[in-house]
Amino acid sequence: MYDKTVRRRRVVLGLLVASSLILLTAYFGESAGGGLHSVQRGVLDVISPIQEGASRALKPVRDLFGWTGDTLDAKGQLKDLRKENEALRQQNVTMQAQLRDDRQLRSQLKLNQTAGLADNAPVAARVIGEDPSLWFDQITIDKGSSAGVRTNQAVVTGQGLVGKVSFVWSSGATVTLITNHDMQVGATVSDTGVKGLLAVDDGHPTQLVLKSLSSQDVVKPGQTVVTSGTLSKVGRFPSPYPRNIPIGRVTSVDDPGQDDQQAHVRPFANLRRLDIVEVLTKADSS
Amino acid sequence: MRPSIAQLVVRLLILGALTVILQVTAVSQIEIFGTNADLLPLVLAAVGLLAGSIAGACFGFFIGLFLDLALVQTIGVSSLVYVAVGYWCGRFRELRDPQSALVPLAVGGAATAAAMIGYSLMQFLLGVDGPVSFLLAREILATVLLNAIIATPVYAIVRWLLRPALPDDPRRRRRRAYTTGGLSPLSRA
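As they're listed, the protein sequences go chains A and B. 179 is the number that the numbering used here gives to position 179 of the first sequence; each next residue is one higher, with no gaps. 53 is the number that the numbering used here gives to position 53 of the second sequence; each next residue is one higher, with no gaps.
Rather than coming from a laboratory, the hints here were simulated on the basis of the structure. The model shown is predicted, which means the values in this text are computed figures rather than measured ones. One should not assume that every hint holds.
Said to hold, decoys possible - Going by beta-carbon spacing under 7 Å, a handful of chain B positions derived as facing chain A:
1) Gly34
2) Asp97
3) Ala101
4) Gly127
Unchecked claim - Examples of chain B residues lying across from chain A (beta carbon under 10 Å, computed):
5) Leu18
6) Ala26
7) Gly52
8) Cys58
9) Ser79
10) Tyr87
11) Leu121
12) Phe124
13) Leu126
What the hints assert, rightly or not - Straight-line C-alpha distance at most 20 Å; calculated SDA-like pairs for lysine to any residue:
14) Lys59/A - Thr35/B
15) Lys59/A - Leu145/B
16) Lys4/A - Ile5/B
17) Lys195/A - Val253/A
18) Lys59/A - Lys75/A
All residues carry an ideal CB built from backbone N, CA and C; glycine is no exception.
Work out the full structure, taking the sequences as your base and the hints as a guide.
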């Protein structure tokens with residue numbers, strides 16, 4: 001019984017292997033029009049409709065798996081794209097900051113050339129601290145006494161006057177902005193030469209007002225106001241700032257032609273967005 | 001042919017045809033983890049484990065032949081590979097009679113690896129140009145892993161389909177193996 005079974009198993013295996021080899025050899029040996037190829041074509045004729053039907057019937061299953069696979073792939077891609085997006089965002093932020101710095105430095109250079117500030121030994125400084133309150137009137141810069149910064153030196157940006165140095169240490173300084181309530185700047189209307197004192201507009205922390213005007217002084221909206229540059233510390237219009245630094249533009253005039261007339265001035269410099277400033281470490285020589 | 005063997009043959013023929021059609025029309029087009037599952041070695045391994053070496057070898061020959069015909073491949077290549085795989089799975093069951101629940105998984109994975117490597121070797125022997133590459137090895141490994149994952153449910157389905165036609169209850173295999181010295185269950189039918 002055992003021998004018979006083993007023999008039968010071996011015979012069956014041998015027959016199957018031999019059949020496979022014969023089929024393989026015959027298939028290789030014959031031409032495309034041979035018997036096995038014809039059988040293959042005949043079988044295909046029979047099973048092709050079955051395959052087509054099965055393919056259609058199983059399409060929802062394929063779609064389901066395909067959708068699942070696509071979703072998983074999309075999740076993986078989403079993760080990668082988020083990482084890439086984050087990196088690009090960081091890069092974008094850095095480049096925007098560099099671009100802003102570049103614009104400010106260019107405008108500062110232009111101001112240095114047009115207002116002749118190069119003679120005032122400007123020292124570029126980065127703003128490292130800002131007053132967070134509504135009465136935005138003070139900033140901190142990263143250049144101090146070691147860079148030649150001293151108190152009462154004028155601080156400008158490419159747009160115009162910002163304020164003056166109020167406190168200095170070796171590696172930094174505090175700048176009081178022109179919108180501070182204690183600040184008064186001797187100013188001149190550039191095209192008419194009318195002089196006055198510029199101070200913060202009460203109730204409008206980002207606006208300035210030109211005071212101490214006489215009734216003969218004619219001030220009109222749109223005129224540019226610059227620093228007067230008076231050097232005398234006991235004069236009527238004390239100004240530690242070099243002359244002709246742009247400050248702002250007249251927006252309106254209250255009580256024109258009266259003794260108490262005053263002009264409202266909007267500063268050129270955006271005092272709430274200061275990144276790079278210049279400290280004029282040398283006063284006018286004249 | 002005795003009724004039980006005839007019933008088993010019919011079921012195996014239907015199972016083989018359905019498996020090949022399912023593989024060709026659906027499973028081969030479903031990509032999971034960058035590869036496709038291959039039901040043929042899994043079903044073949046299950047048949048070998050359930051019905052023995054002769055049934056496994058015959059089933060392997062049949063599905064190999066059907067596959068070669070359906071895919072217009074060189075007739076005999078798949079048959080030769082699957083005959084060997086089916087026979088080996090059946091002999092493994094006859095000699096070892098494993099009872100562990102992990103057997104379908106292990107045998108399914110091994111059968112898949114053997115079938116894929118065997119088929120690749122046959123292709124090389126037949127002169128198909130294609131260097132043995134890391135990509136090929138990775139593809140084989142991925143398919144083996146995927147097949148190992150689905151081997152157990154495939155085995156359960158095949159057992160469910162074949163059980164009424166099997167010569168005896170698989171739960172009695174251990175006693176039969178002891179009394180017959182590890183012969184095919186078909187020999188007792």
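Hints and how they fare:
1. Taken as an interface hint, Gly34/B does not check out: its beta carbon lies about 9 Å from the nearest beta carbon of chain A, beyond 7 Å.
2. The interface hint given for Asp97/B is violated, since its Cβ lies 16 Å from the closest Cβ of chain A, which is over the 7 Å cut-off.
3. Annotation: interface hint on Ala101/B violated; nearest CB of chain A at approximately 26 Å, more than 7 Å.
4. Checking Gly127/B against chain A: minimum C-beta separation of about 10 Å lies over 7 Å; hint violated.
5. A cut of 10 Å between beta carbons decides the hint on Leu18/B: the least distance to chain A is about 9 Å, and the hint holds.
6. This hint holds: Ala26/B has a C-beta 4 Å from the nearest C-beta of chain A, less than the 10 Å allowed.
7. Residue-level restraint check for Gly52/B holds (minimum Cβ-Cβ distance to chain A is 9 Å; threshold 10 Å).
8. Below 10 Å, beta-carbon pairs count as interface contacts, and Cys58/B has one with chain A at about 7 Å; its hint therefore holds.
9. The interface hint given for Ser79/B is met, as the beta carbon of that residue sits about 4 Å from the closest beta carbon of chain A, less than 10 Å.
10. Hint status for Tyr87/B relative to chain A: holds, with the closest Cβ pair at about 6 Å, below 10 Å.
11. The interface hint given for Leu121/B is violated, since its Cβ lies 13 Å from the closest Cβ of chain A, which is over the 10 Å cut-off.
12. Given hint, Phe124/B at the interface with chain A, is violated; its Cβ is 14 Å from that chain's nearest Cβ, farther than 10 Å.
13. Because the smallest distance between the Cβ of Leu126/B and any Cβ of chain A comes to about 8 Å, under 10 Å, the interface hint for this residue holds.
14. At most 20 Å may separate the alpha-carbon atoms for a hinted pair to count; Lys59/A and Thr35/B meet this at roughly 18 Å.
15. Among the hinted pairs, Lys59/A with Leu145/B is inconsistent with the structure: their alpha-carbon atoms are about 25 Å apart, more than 20 Å.
16. With a C-alpha separation of about 18 Å, the suggested pairing of Lys4/A with Ile5/B holds against the 20 Å cut-off.
17. Between Lys195/A and Val253/A the alpha-carbon distance is near 15 Å, which keeps this suggested pair within the 20 Å criterion.
18. Among the hinted pairs, Lys59/A with Lys75/A is inconsistent with the structure: their alpha-carbon atoms are about 24 Å apart, more than 20 Å.
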